[in-house]
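Trainee: Take the given structure of chain B and dock chain U to it, following the hints.
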Amino acid sequence: MNWIGLWTLIKREVGRFLSVYKQTILPGVISSGLYIVVFGFTLEQRISEINGVPYTLFILPGLIMMTTLTNATSNTASSMLQMKLLQQLPDLLTAPLSGFEISLAYIVGGALRGFINGLMVMLVGILLIDMPVENLIGTLGFIFLVSWAFASMGLLLGQIADTWDHLSTMQNFILTPLSFLGGIFYSIKMLPDWAQSISLFNPIYYMINGIRYTVLGVSDSAPATSFLMALAMTILFSTTAIFAMTSGKKIKQ
Amino acid sequence: MSAPAIQISELKKSYDDVRALNGVNINIEQGQFFGLLGPNGAGKTTIINILTGLVLRESGMTKIMGKDTVKDYRFTRSQVGIAAQELSVDWFFPIEKLLYFQAGYYGISPKFAKAQIDQLLDRLGLSKKKNSRLRQLSGGMKRRFQIAKALVHKPNILILDEPTAGVDVELRHDLWQYLRDLHQEGTTILLTTHYIEEAELLCEKVAIIDEGKILKEGSPKALTRELGQSGITIQLSGDDDKLSSCLEDYSYTRQENRLHFSVEDPDSALPNIIKKISACDIHIQRVEASTSSLEDVFLSLTGKGINQ
Chain B
1 MNWIGLWTLI KREVGRFLSV YKQTILPGVI SSGLYIVVFG FTLEQRISEI NGVPYTLFIL
61 PGLIMMTTLT NATSNTASSM LQMKLLQQLP DLLTAPLSGF EISLAYIVGG ALRGFINGLM
121 VMLVGILLID MPVENLIGTL GFIFLVSWAF ASMGLLLGQI ADTWDHLSTM QNFILTPLSF
181 LGGIFYSIKM LPDWAQSISL FNPIYYMING IRYTVLGVSD SAPATSFLMA LAMTILFSTT
241 AIFAMTSGKK IKQ
Chain U
1001 MSAPAIQISE LKKSYDDVRA LNGVNINIEQ GQFFGLLGPN GAGKTTIINI LTGLVLRESG
1061 MTKIMGKDTV KDYRFTRSQV GIAAQELSVD WFFPIEKLLY FQAGYYGISP KFAKAQIDQL
1121 LDRLGLSKKK NSRLRQLSGG MKRRFQIAKA LVHKPNILIL DEPTAGVDVE LRHDLWQYLR
1181 DLHQEGTTIL LTTHYIEEAE LLCEKVAIID EGKILKEGSP KALTRELGQS GITIQLSGDD
1241 DKLSSCLEDY SYTRQENRLH FSVEDPDSAL PNIIKKISAC DIHIQRVEAS TSSLEDVFLS
1301 LTGKGINQ
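Protein chains in written order, with the numbering used here: chain B, 1 to 253; chain U, 1001 to 1308.
The reader is advised that the hints may include incorrect statements.
Going by beta-carbon spacing under 8 Å, a handful of chain U positions derived as facing chain B [what the hints assert, rightly or not]:
#1 1056
#2 1060
#3 1089
#4 1106
With beta-carbon atoms standing in for the labels, derived distance ranges [as the list claims (entries may be wrong)]:
#5 B:20 / U:1182: 36 to 44 Å
#6 U:1002 / B:18: 43 to 51 Å
#7 B:176 / U:1014: 37 to 45 Å
#8 B:3 / U:1127: 24 to 32 Å
#9 U:1110 / B:20: 16 to 24 Å
#10 U:1016 / B:133: 49 to 57 Å
#11 B:20 / U:1204: 30 to 38 Å
#12 B:1 / U:1138: 35 to 43 Å
#13 U:1066 / B:164: 24 to 32 Å
Derived DSSO-like pairs (lysine-lysine); straight-line CA-CA distance at most 27 Å [as the list claims (entries may be wrong)]:
#14 U:1130 / B:84
#15 U:1097 / B:11
#16 U:1142 / U:1154
#17 B:252 / U:1067
#18 U:1071 / U:1154
#19 U:1275 / B:84
#20 B:250 / B:84
#21 B:252 / U:1071
#22 U:1130 / B:22
#23 U:1067 / U:1012
#24 U:1012 / B:252
#25 U:1213 / U:1242
#26 B:11 / U:1142
#27 B:250 / U:1012
#28 U:1205 / U:1221
#29 U:1129 / U:1097
#30 U:1097 / B:22
#31 U:1205 / B:252
#32 U:1213 / B:252
#33 B:250 / U:1216
#34 U:1114 / U:1129
#35 U:1154 / B:84
#36 U:1130 / B:11
#37 B:250 / U:1071
#38 U:1067 / B:249
#39 U:1097 / U:1071
#40 B:84 / B:11
Since the hints were derived computationally from the structure, they do not count as laboratory data. Every value quoted in this text rests on a predicted model; they were computed, and no experiment measured them. No residue lacks a Cβ here, since even glycine has one placed at the ideal position from N, Cα and C.
Only chain B is shown next, with the shape it has when bound in the complex (with noise of 0.2 Å):
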C-alpha cells in the first residue's frame, strides 16, 4: 500500500469539499430547515401523525437520509468527472497509486461530506424541533454506512460520465426520484397496495426507514432488512466503483 499517498488523496478530496463549504456543507442545512418549516409546519397542521409520531418529526430522519446520500454522491461524482474534464484525473494515473488506493480515498472524501451533511441536518432537528435520538450511536453508524454506500456510487458515475450533463442526467432522473419515493415525506402504508409493492425494490426506501428507527424507533421495513439492505448497497456499490477504476474501462483508453 501506498500510505502517504492514499493519505494525501483524501488530505486533496476532503480540503477540496471543504475549502467551498458554502457550497457543500450549508446548502444542505439550509434546505433541510426549509423543508421542516414549509412542509413540516405547514402539512402537520393536515397530517397530525403517521405511525404515532408527528408528521415534522416523522420527516426528519429521512431528510438526513436525503441530504447525506445526496452530498455524499455528488462529491465523488463530481470530484471524478472534473478531473477527468480539467486533465487533473493523470496526474493520479500516472503516481503509484492503485486502483484501489485512488477508490478508496475518494470514498472516504465523499462518505465524510455525507457524514457532515447528515450530521448537521440531525442537529438542526434536535435545535429546531427538539427531535430524540433514540440510538445515537446507530444513528451516526448509518449515516456513515449510507454515506459510504452513496460515495462509491458516486464515484462509479463520475467514471461513466464524459459530460456535466451525462452526470446531472444519472442524478436527476434515478436518484432524486427514487430518494422522494422511498418515504422521506411518508409512509409507504399510506401507498395502494401495488405503489407499496413497487417501492420494496427501492432500496433506498431501507435506508430512509433503517435510519427512521435508529432516530425514532419507528419504521416501516423490518429493522435488520434496513441494516442488512444498506449493507448490501455498501458492498456492492463500493466492489463496483473499485472494479472499474482497477480495470481503468471508463478513464484510461
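Mentor: Quick look at chain U alone, frame taken from chain B:
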C-alpha cells in the same frame, strides 16, 4: 550492464478502427537524451501514455529500468516524471500546495518534499507565485509548473510531451537550458516534439515516427549524413582545363563555372576540396556549404514535412 531506461518492443495499439501504433520498438539507454520526432497524430503521445499507465497497451512490451510497466507499475511510475502536453487546471489549491500533493502521491511526505519543492519553485521562477491558483498564471508559467510537477519526486526519467508547444522564444531557450542541466546531472530524458530545431539541439538520439511506426533511429548528425542532402557549391572565376585532373578523386557536377559536390559532411570535406583546387592554381570566386537538417531527413523518409 544496466537495463535500458526505457525499452519498448513490438508495441501495438488501436483506437476503434484506427491503428495508432503498429509494432513500435525503441531502446533508450540510462542517461540518454532521446527525441521522438513526428507530426501530430504520429503516435508519440500514445507511446508516452502507455509507458505511464494512461493508456492500456494492446500487445507488445513496455519496460522501464528493466521492469514491466503493467506488472511492476508502482516501481516504474516512481521512476518517471511526466510533463504532459495538455495543461491541467485546478481551481481549489495554490500551486505550492499542488506540488506537495503531487509529492505525496509518490509517497513523499511534506517534510521530505519541502527542499525539492522550494528548489524547483526557485529554479523555474515560480517562487513569487507559489500562493497563486493555476488560473492566475500565464501560459508560460503553467508550462513551468508542469515541469516542476514532473520533477517533484526526483525521477530518474523525465518524459516531456511537446514541452515548448505554444511557448515564447525566451522561455523556450530557458527551458532548453534547464533540460540540458538535468541531462548533465544524469536524468534520462524522453522528449516528443515536432520542433525540428529542439530535437537537433538537445537530443543525442532521435527516432522518427510516422503513422505509428518508427521509420529511422540514430543521432541527429548520423541521420542527416545518411539521409540528408548536404553539399558544397564552388563558383570559379573562370573556366579552366586543369580542373578535371585536379579533382579526379571527387565526384561532382559542373554547370559552366559552378561545381557542386554531394558530401555527407560538408564541414570536413570543404578544406580538402579548396586545398586541391588552390593547388592547381585555380581561382575560387565563391564557396557555399549547405547542411541538411532533420527536416530534410523527415521529408526524405515520409515524403512530407513534419508540420503537415
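Trainee: In ascending order, which of the hints set out earlier in this document are inconsistent with the structure?
Mentor: Hints 2, 11, 13, 19, 25, 31, 33 and 39 are the ones this structure does not satisfy, whereas the remaining hints hold.
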